[in-house]
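**Q** Please take these sequences and the hints and turn them into a complete structure.
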Amino acid sequence: AAGFMMSRASAKPAKLLSKVCQVEAVRGDDAQWWDRLPVYTLTFADPGERMPCRIECGDVVKVVVPNYKPKSYSMSRQGDGEFDITYKYYPGGKCSGYLESLSIGDEIQCFAKGGKRRNDGGTHIGMVAFGVGITEVLPVAAAQLTHSDVRKVKLIWATKTFGDCFWLDELERLKADERFEVVHVLSREDKDGCRRGRVTPELLKEELDEAWGVGSAVDRANVRLISIGTKAMMRDFNDMVYADLDYKYAANRLLED
66 AAGFMMSRAS
76 AKPAKLLSKV
86 CQVEAVRGDD
96 AQWWDRLPVY
106 TLTFADPGER
116 MPCRIECGDV
126 VKVVVPNYKP
136 KSYSMSRQGD
146 GEFDITYKYY
156 PGGKCSGYLE
166 SLSIGDEIQC
176 FAKGGKRRND
186 GGTHIGMVAF
196 GVGITEVLPV
206 AAAQLTHSDV
216 RKVKLIWATK
226 TFGDCFWLDE
236 LERLKADERF
246 EVVHVLSRED
256 KDGCRRGRVT
266 PELLKEELDE
276 AWGVGSAVDR
286 ANVRLISIGT
296 KAMMRDFNDM
306 VYADLDYKYA
316 ANRLLED
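Here the numbering used here is used: position 171 in the sequence shown is 236, and no number is missing along the way.
No wet-lab data here; the hints were simulated from the structure. Heads up, some of the hints might be wrong.
[As the list claims (entries may be wrong)] Straight-line C-alpha distance at most 25 Å; calculated DSS-like pairs for lysine-lysine:
id : residue 1 : residue 2
1  : K313      : K217
2  : K256      : K178
3  : K153      : K217
4  : K181      : K296
5  : K270      : K136
6  : K296      : K159
7  : K178      : K225
8  : K181      : K217
9  : K181      : K84
10 : K217      : K136
11 : K136      : K181
12 : K159      : K84
13 : K127      : K77
14 : K84       : K178
15 : K181      : K313
16 : K136      : K80
17 : K181      : K225
18 : K153      : K313
19 : K134      : K225
20 : K219      : K136
21 : K80       : K134
22 : K80       : K153
23 : K77       : K134
24 : K225      : K77
25 : K153      : K225
26 : K77       : K153
27 : K134      : K153
28 : K225      : K159
29 : K159      : K127
30 : K153      : K178
31 : K270      : K256
32 : K219      : K296
33 : K240      : K219
34 : K127      : K296
35 : K178      : K136
36 : K219      : K159
[Stated by the list, open to error] Pair by pair, the computed Cβ-Cβ distance ranges are:
id : residue 1 : residue 2 : range
37 : R263      : E114      : 40 to 46 Å
38 : V91       : R142      : 23 to 29 Å
39 : R92       : A308      : 37 to 43 Å
40 : K80       : K181      : 24 to 30 Å
These numbers come from a predicted model, not from an experiment. For every residue, glycine included, the Cβ atom is placed at its ideal position computed from N, Cα and C.
**A** Written out as structure tokens, the structure is:
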């Protein structure tokens, strides 16, 4: 299906219904330092009509931040008459600070934005979530498993520690499908069953190409790739897979404009 675009002029009010903490904040020895930043899920009422977000295509909710600009947030769940936004709170952050300041019953101004579609033909889906990027990646991963031609979905989730992870019950639910696999990559902690370090070309080659048999058992044309994180992280990922590993952006990206 074709995507859509909406503008700030179409923003409508959505009332905050609930707030749930997904990851508790951990302070460092210095009161000004955070060892772990908190993550929250906010549930809002639909603004008069169902928000036109296709979560499986990475469509976003644009939240109008007062005296600033609209900020994109992934819609992490859409229910009957409501939707969720899951975010990480950055102390001093203008956008996350605005969400943090909301009380139950407060209203935000928001609108939906999207335009991408699935690049069909992929049988092997490689996904990398950097930190809170999981809020967009996991719904997309679940959607890939609804396609009968998809044989493997591998999610690589890079966080500082395992304590930064959440939605573990949902991960277990997806793992009930033998086509789905998750690999945790921890940059600041050793933990059994997890990889230590960062996402590198060598790690991606091992977890994707070599694990799948790309070039032999799996035709490279059947691989689809996506990463979600900061712009810098996604640029680094693109450099790794499209330059170092020689995938082709137009052919191998999972979502296309």
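**Q** Is K296 within 25 Å of K159, Cα to Cα?
**A** With a Cα-Cα distance of about 18 Å, the restraint between K296 and K159 holds, given a limit of 25 Å.
**Q** Would the pair K313 and K217 pass a check requiring their Cα atoms to be no farther apart than 25 Å?
**A** holds (19 Å)
**Q** Straight-line Cα separation of K270 and K136 no greater than 25 Å?
**A** violated (34 Å)
**Q** Check the hint pairing K127 with K296 against an upper bound of 25 Å on the C-alpha distance.
**A** holds (17 Å)
**Q** Quick one, are K84 and K178 close enough, alpha carbons at most 25 Å?
**A** Answer holds: K84 to K178 is near 23 Å, not above 25 Å.
**Q** Straight-line Cα separation of K181 and K313 no greater than 25 Å?
**A** holds (18 Å)
**Q** Can you tell me whether the CB distance of K80 to K181 sits inside 24 to 30 Å?
**A** 28 Å Cβ-Cβ, so the 24 to 30 Å window holds.
**Q** Within 25 Å, alpha carbon to alpha carbon, are K225 and K77?
**A** violated (36 Å)
**Q** Does K134 lie within 25 Å of K80 when you go C-alpha to C-alpha?
**A** OK: K80 and K134 at ~19 Å, within 25 Å.
**Q** Is it true that the CA of K178 sits at most 25 Å from the CA of K225?
**A** violated (30 Å)
**Q** For a C-alpha distance cap of 25 Å, please report whether K181 and K84 respect it.
**A** violated (29 Å)
**Q** Does the Cβ-Cβ separation between R92 and A308 fall within 37 to 43 Å?
**A** Because 40 Å falls inside the window, the suggested range holds.
In this structure, the earlier hints numbered 2, 3, 5, 7, 9, 10, 17, 18, 19, 20, 24, 36 are contradicted, and the remaining ones agree with it.
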